[in-house]
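Novice: So the protein sequences, as listed, match chains A and B. Counted the way our numbering counts, the first sequence spans residues 4 to 297. Counted the way our numbering counts, the second sequence spans residues 256 to 383.
Certain hints may be false.
To be verified - Derived, one-sided and incomplete: chain A residues facing chain B with beta-carbon distance under 7 Å:
id	residue
1	D22
2	L281
3	F284
4	G289
5	I290
6	R295
7	E296
Claimed, not checked - Partner residues aside, some chain B positions facing chain A, computed with beta carbon under 10 Å:
id	residue
8	P290
9	C345
10	R350
11	G352
Simulated from the structure, these hints should not be mistaken for laboratory data. Here a beta-carbon is modelled for each residue, glycine too, at the ideal position from N, C-alpha and C.
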Amino acid sequence: MPIYVKFWGTRGSIPTPGDRTRKYGGNTSCVEIRCGNHLFICDAGSGIRELGSDLVARSKAPIVGHLFFSHAHWDHIQGFPFFAPADTAGNRFLIYGAKQGDDRFYDLLSGQMKSDYFPIGFGALRAEIIADHLDDGSKKIGSVLVESFPLNHPGGCLGYAFSSGARKIVYATDNEIEVLSSQPESDGEAKLRIVQPALVEFVRGVDLLIADGQYTDLEYRSKKGWGHTSCLTVVDLAVQAAVKQLAIFHHDPSHADSFVDEIIESCRSRVKKLGSDLIVFAAREGIELEFREQ
Amino acid sequence: MNKARTSEETEHRRPEATIETSVTVVRVGRRPKLPFLRLIEGPGAPKKFTLNQPEMIVGRDEKAHITVPSANVSRQHALIKSRLPEVSICDFDSRNGVFLNGIKVHSAVLRDGDIIQLADAVFEFYED
Numbered sequence: 004m005p006i007y008v009k010f011w012g013t014r015g016s017i018p019t020p021g022d023r024t025r026k027y028g029g030n031t032s033c034v035e036i037r038c039g040n041h042l043f044i045c046d047a048g049s050g051i052r053e054l055g056s057d058l059v060a061r062s063k064a065p066i067v068g069h070l071f072f073s074h075a076h077w078d079h080i081q082g083f084p085f086f087a088p089a090d091t092a093g094n095r096f097l098i099y100g101a102k103q104g105d106d107r108f109y110d111l112l113s114g115q116m117k118s119d120y121f122p123i124g125f126g127a128l129r130a131e132i133i134a135d136h137l138d139d140g141s142k143k144i145g146s147v148l149v150e151s152f153p154l155n156h157p158g159g160c161l162g163y164a165f166s167s168g169a170r171k172i173v174y175a176t177d178n179e180i181e182v183l184s185s186q187p188e189s190d191g192e193a194k195l196r197i198v199q200p201a202l203v204e205f206v207r208g209v210d211l212l213i214a215d216g217q218y219t220d221l222e223y224r225s226k227k228g229w230g231h232t233s234c235l236t237v238v239d240l241a242v243q244a245a246v247k248q249l250a251i252f253h254h255d256p257s258h259a260d261s262f263v264d265e266i267i268e269s270c271r272s273r274v275k276k277l278g279s280d281l282i283v284f285a286a287r288e289g290i291e292l293e294f295r296e297q
Numbered sequence: 256m257n258k259a260r261t262s263e264e265t266e267h268r269r270p271e272a273t274i275e276t277s278v279t280v281v282r283v284g285r286r287p288k289l290p291f292l293r294l295i296e297g298p299g300a301p302k303k304f305t306l307n308q309p310e311m312i313v314g315r316d317e318k319a320h321i322t323v324p325s326a327n328v329s330r331q332h333a334l335i336k337s338r339l340p341e342v343s344i345c346d347f348d349s350r351n352g353v354f355l356n357g358i359k360v361h362s363a364v365l366r367d368g369d370i371i372q373l374a375d376a377v378f379e380f381y382e383d
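Make a model of the complete structure from these sequences and hints.
Specialist: Structure, rendered in structure tokens:
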């Protein structure tokens, strides 16, 4: 059964509409993953509003969706109050914690709809919204195995893997990758940055890695500890893990489309220097990828 | 002289003038610009295809709205949907796939300057 991945929001930190971001989009994090009848939604940034409109337009039967949150920073939850299918009777959405008793995301979603923040209360939503959980970090939903993995971000963050048959997609945004060792580069030759082995194993051989690559190397030097990564370090992670395709995600709000293009060029140049055949591209609103059974 | 006027024309009589005259004002409406594809490489290039219908099929089939005479292009290779100002492309389960700026996609909203490759046919997309 093929897996479909569609980007609805690819921007980091804050929605950034306008001509400068028209190509890659200004909506914050939201990715739709479909496999058979199962709908998975990664994060509810402002991109989830358009996803909601599209789901209403294309779905005849009541909508059932499984929502996975990387973390509860604003740019990952702010779109939920505007997600129209959540206010339609008969629809059902499950919000997953990492383990039993972990209702943090459910509580934070309902909290952001308190009357001080939003006119409609969480309890007034007409869809059935259920707090669910992974069983110690994994769960089979239909034919899809969902697994979580801790990422390095202030306040904590989770990455998720979605596997069906031989196909595997990883969503790992808001992650400051720790570089364990790297040799200085010389004569234009890139030296691989060695990163956390457990992270390499989590993404090993995946068909698509959607990963935070918000900064350039230069930007990262002044933003250490902010919980995001240099795009070149993400490339090195993907190369070490023999990832097939890497989608650079969580674009910095100050980066215009032309700058994102430059970032991708630098990533491709590094892939070439490392002698890898990794495919790198910038996650872009409105693009849908298909991963067929091999 | 009586002349049939279009809905875009209005006549203004000027009885105050020494010699009675009338002025016909014609509203020159700008024709909406339509997005288009330019075939820049492959069989039949160069050629321009205006996207003037809500749904247009690109393929090898002579009945396709945009025909590409290449054995590597499927009969019905891709569907272009225009919901202006948004234009999108969707792979029609083709043999060789749809590539957007070098990346294989199932579907995509198109942006000015995008390069679309269907087998050996390469198009550039223009929003207007």
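Novice: With reference to the structure, classify each hint as holding or not holding.
Specialist: Do the hints match the structure? See the list:
1. D22: Where the cut-off is 7 Å and the nearest Cβ of chain B is about 11 Å from D22 of chain A, the hint is violated.
2. L281: This interface hint is violated because 12 Å lies over the 7 Å limit.
3. F284: Where the cut-off is 7 Å and the nearest Cβ of chain B is about 5 Å from F284 of chain A, the hint holds.
4. G289: 3 Å, holds
5. I290: Holds, because the Cβ-Cβ distance from I290 of chain A to chain B comes to roughly 5 Å (cut-off 7 Å).
6. R295: Hint violated; R295 of chain A Cβ to chain B Cβ min 10 Å, cut 7 Å.
7. E296: Interface hint status for E296 of chain A: violated (14 Å vs cutoff 7 Å).
8. P290: Violated - the Cβ of P290 of chain B stays beyond 10 Å from chain A, reaching only about 14 Å at its closest.
9. C345: 8 Å, holds
10. R350: At about 13 Å, which exceeds the 10 Å cut-off, the nearest Cβ of chain A leaves the hint on R350 of chain B violated.
11. G352: Holds. Min distance 9 Å.
In summary, the numbered hints that this structure violates are 1, 2, 6, 7, 8, 10.
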